[in-house]
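Asks: Take a look at the letters that make up each chain.
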Amino acid sequence: MKRLWRWLIPLAAVPVLALLAYGFRVSPRDIPSPLVGRPAPVFALATLEGAPLSLASHHGKVVVLNFWASWCYPACYEEAPVLERNWRGYRDRGVVVVGVDIQDKREAALKFVGDFRLTFPIVQDLKGTVSVDYGVYGVPETFFLDRQGRIRVKHVGAVTDDVFRVTVDRLLAEASSP
Amino acid sequence: MNRRRKFIIGGVVIAAALGYMIYAGVTQSAVYFVTPAELQAAPVPGKAYRLGGMVVPGSLKWEPRSLDLAFTLSDGTATVPVRHKGTPPDLFGEGRGAVLEGSWTADGYFKATLIMAKHSEEYKAPHDSNQAGYRELIKTLRGEER
Amino acid sequence: MTADLGYGMTLVALGLAVYGGVAAGVGAKTGRLALVESAQHAALGVFVLVTSCFALLTYAFLTFDFSVRYVATNTNLGTPFYYRITGVWGALEGSIILWSWMLALYTIILIVRHRVGARELYPWALATMLGILAFFLLVMTVAAPPFQRQVPVPADGRGLNPLLEDTGMITHPVALYLGFTGFTVPFAFAMAALITGRIGDTWLALTRRWTIVAWYFLSLGLLIGGWWSYHVLGWGGYWAWDPVENAAFMPWLTGTAFLHSVMIQERRRMLRLWNISLVILTFGLTLFGTFLTRSGVIASVHAFTQGSIGVLFLSFLAVVLLTALGLVAWRWEAFRSEGELDSVVSRESAFLLNNVLLVAAAFTVFFGTVFPLLSEAVRGVKVSVGAPFFNQVNIPLFLSLVFLMGVGPLIAWRRASRENLQRNFLWPVALGILAAAAAFALGVRSLLAALTFATTVFVAVTIAVDFTRATRARLRLGESILPAMGGLLLRHNRRYGGFIVHLGILIIALGVMGSHAWSVQTETTLHRGETAELAGYRFRFDGLTAVEESNHFKVIGAFTVSNGKVLGVLRPAKKFYPQEQAPIAYVDYRLGLREDLYLVLGDFARDGSQVTIKLQVNRLVSWIWIGGLVLTLGALLAILPERHKSA
Chain A
4 MKRLWRWLIP LAAVPVLALL AYGFRVSPRD IPSPLVGRPA PVFALATLEG
54 APLSLASHHG KVVVLNFWAS WCYPACYEEA PVLERNWRGY RDRGVVVVGV
104 DIQDKREAAL KFVGDFRLTF PIVQDLKGTV SVDYGVYGVP ETFFLDRQGR
154 IRVKHVGAVT DDVFRVTVDR LLAEASSP
Chain B
1480 MNRRRKFIIG GVVIAAALGY MIYAGVTQSA VYFVTPAELQ AAPVPGKAYR
1530 LGGMVVPGSL KWEPRSLDLA FTLSDGTATV PVRHKGTPPD LFGEGRGAVL
1580 EGSWTADGYF KATLIMAKHS EEYKAPHDSN QAGYRELIKT LRGEER
Chain C
24 MTADLGYGMT LVALGLAVYG GVAAGVGAKT GRLALVESAQ HAALGVFVLV
74 TSCFALLTYA FLTFDFSVRY VATNTNLGTP FYYRITGVWG ALEGSIILWS
124 WMLALYTIIL IVRHRVGARE LYPWALATML GILAFFLLVM TVAAPPFQRQ
174 VPVPADGRGL NPLLEDTGMI THPVALYLGF TGFTVPFAFA MAALITGRIG
224 DTWLALTRRW TIVAWYFLSL GLLIGGWWSY HVLGWGGYWA WDPVENAAFM
274 PWLTGTAFLH SVMIQERRRM LRLWNISLVI LTFGLTLFGT FLTRSGVIAS
324 VHAFTQGSIG VLFLSFLAVV LLTALGLVAW RWEAFRSEGE LDSVVSRESA
374 FLLNNVLLVA AAFTVFFGTV FPLLSEAVRG VKVSVGAPFF NQVNIPLFLS
424 LVFLMGVGPL IAWRRASREN LQRNFLWPVA LGILAAAAAF ALGVRSLLAA
474 LTFATTVFVA VTIAVDFTRA TRARLRLGES ILPAMGGLLL RHNRRYGGFI
524 VHLGILIIAL GVMGSHAWSV QTETTLHRGE TAELAGYRFR FDGLTAVEES
574 NHFKVIGAFT VSNGKVLGVL RPAKKFYPQE QAPIAYVDYR LGLREDLYLV
624 LGDFARDGSQ VTIKLQVNRL VSWIWIGGLV LTLGALLAIL PERHKSA
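Residue numbers (this note's numbering), protein chains in the order written: chain A, 4 to 181; chain B, 1480 to 1625; chain C, 24 to 670.
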């Protein structure tokens, strides 16, 4: 019996390690935004091509709302191809990707869109009201909205294929209530 | 055995003293993290908070002579009026994230004793317009000298 | 091309390190020297490869090779030449390369120094070092690769973080890492000791100098960090109890404890378990420190970005701790039969108390640092504790430690007799109390300040007592005074090196106390020609100028300082880097022995007519840096090779 007490020594390290591992769960990247679960603030702006876009018109679809800027290097540059790729894959399944360009110049934004050959709708938040409505701290930040127009997930930092697919699949699988 | 017991007792005493000091220290300097929404829901005057949010554009008022700084902090859901004495740090500004330490006053505003502007790795000011801004600044400052 | 070459080299180095670690381990177990030699060659290969990677990366920096992503993120065409070299270790990936390079270097030194003469322990120590090196190379390959291709190649990079364009910021990580990685070697030998069962004095004797060197670099890194924080960041302080600062401080605390407790094991064969545990704890804390800085688990103004790197580090930390502590448990029996503590009033006791206090301080810092995590896990509420917590708990601990600095070296081993106590401590205690009284008479009312004075004088007098007594003994033998003193220092360099280090700590303690108790500050807005006053100094605002540099714009304020007569002009500035979202403030200051004048440029009117400034008069801060210099001299003296001690 006495021989076994000594093994408490290595075991003593376990609670500390567990606590540190817990820190990953509450990663500051997944900001528990108070907006999660609430209806997404609506807006109506013009896209870079001049067409009108209203968030309300996409009610019934899963919306991936991505806040970005042409000067946000390297993160926005990393996620642009991811967003475009997944937009093309999911657009026929009731999903729409909307980009919101903030604090940017029109020419720079157009160049970015051209460089990455982005085809999803992008609006410019010139007055900054949409960013304030969504509590955007910095770029990039992406909000995933469900079919009822509620914000379900806020992701800070570049979106990866994994994050996109897992979240969108989950939201698509939910039955749309009237 | 007797000596060993003395040392064990000594050890326990030291541990207890340390435990007490830590407990006292924690209770005296604990600072609670809240968002504007959480603060507005249940503000407690006098309690030490750390408030994180975004500075609402258009709300910033800075009076250099009296060193009074006033602005509104928002998290998209709720807003909190804030007052601070002294220049804010360089990273601080409208439309940017900030973390404040301070307390809620009975007069209905948050008195910030410390402003820590959020330094986000991706957040970067626009390349071109800043250049133009600085050139302007240099010109006006140099103009002063002539 | 560069990126691929670099990546390839990293992979090969990783393979070699893994092979070397295994070979050394198997060689150690089976006694096959050929395997151990093969491992040595592998280690050399790793060192050459990592050095080449470092050189390649530096070359990429110097030639603006933006096809390498790390280069594009950390320089731009305007970055000055000097900072293009030092910026290599300015961000996460570069810091891992630096760490790996130092580990590889230390491994080579270990091989050269210990391959002969530590027959049993050496192979296991080598295996451990290579294993740890392999981990860092793994991080370099998987989680933080410095050689990633950037496509499309941008025309210009983002630029170095302007805060890094400073001498202090460049040397700080180097010194700090030399300290952190330095503790790997004692840890490796401790593992070797546990594995072979030779937990006696051999591993200690081998690692003594390593420990002092690692401890010294860690101290230096902390001091430089404080200096940099003070003279660049513009908040007038040198230590904020920020999680990242704490992460470097904790291994320093346990490392200091270890430095002292080894002396007990050497002299009395006691505390062997304690020593091994301390080394494991210190090394674990260095890993914890790097985990904290890179994982983003605890919010800090210093923290780098997170990613998979946090998980990697935590996993490695878990493996290291569980293995090492498991070995301790396995060898538990061997730790029996130790010498016993004879009396509470003895040198052993003083050293033990020193250790307890240091570990208590380390625990406090640890507790305060992880408290937000703890409170969230337990109560679901995020609570943090700020500087007041750390100061409140640690100051009594540190003050007691300073007091022990005076007691330890002079008190007798085993059991101090009354005669011994009187002879050694009468004068120091008397003068200490006198010093407190004198301070009180001179107007000092802070209890903390009085206690600090009393303790520092007490310790200083004990050192003086010891030194005079020893010198007098030599004078009696016929030596003249200077050779007597010099001879003392050189012959007993460990002891007197230690005394000088203690003196350095005393000076630092006074500096910290002065800056805490007696510094004043104010903030005010001035029009051109107006004057602000603080602590007898007058600051007149003369005007603003603007200058354009290679990669930034600079706005400089001119302030004439006088205290009766004109002392000079202070020029605090603000630097505007186009790629940064906000200007960086550059403090200007006037350093002095008694006080520093400190001026920060805050807000200013665009036409230069009005400016808001923060003024500080900080007392005794310079003593902290002076104490650091003294500490350096002491450490250097202590590391000198031991002269043969004659009877």
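For the record, the hints were derived by calculation from the structure and aren't laboratory data.
Being a predicted model, the structure only gives us computed values, none of them experimental.
Hints may contain errors.
Unchecked claim - Here are the simulated distance ranges between beta carbons:
1) Q1519(B) <-> L7(A): 47 to 57 Å
2) A1496(B) <-> L7(A): 25 to 35 Å
3) R1562(B) <-> T86(C): 45 to 55 Å
4) S366(C) <-> A1503(B): 43 to 53 Å
5) Y82(C) <-> Q1519(B): 35 to 45 Å
6) E52(A) <-> D179(C): 20 to 30 Å
7) D565(C) <-> R153(A): 35 to 45 Å
8) K1485(B) <-> L444(C): 17 to 27 Å
9) A1521(B) <-> E289(C): 52 to 62 Å
Every residue gets a Cβ at the ideal spot worked out from N, C-alpha and C, and that includes glycine.
Asks: Does each hint hold? Answer for all of them.
Replies: Each hint tested on the structure:
In this structure the hint that Q1519(B) and L7(A) lie 47 to 57 Å apart at CB holds, the actual value being about 55 Å. A hinted range of 25 to 35 Å holds for the C-beta pair A1496(B) and L7(A), which are about 32 Å apart. A beta carbon spacing of about 52 Å between R1562(B) and T86(C) agrees with the range 45 to 55 Å that was offered as a hint. For S366(C) and A1503(B), the hinted distance range of 43 to 53 Å is not satisfied, since their beta carbons lie about 32 Å from each other.
Take Y82(C) and Q1519(B): their Cβ atoms lie about 56 Å apart, and the range 35 to 45 Å is violated. Remark: the range hint 20 to 30 Å for E52(A) to D179(C) is upheld by a beta-carbon distance near 29 Å. Checked against the given bound of 35 to 45 Å, the beta carbons of D565(C) and R153(A), roughly 59 Å apart, lie outside it. Take K1485(B) and L444(C): their Cβ atoms lie about 19 Å apart, and the range 17 to 27 Å holds.
At roughly 60 Å, the beta carbons of A1521(B) and E289(C) sit within the given window of 52 to 62 Å.
Of the numbered hints given earlier, the model fails hints 4, 5 and 7; all others are met.
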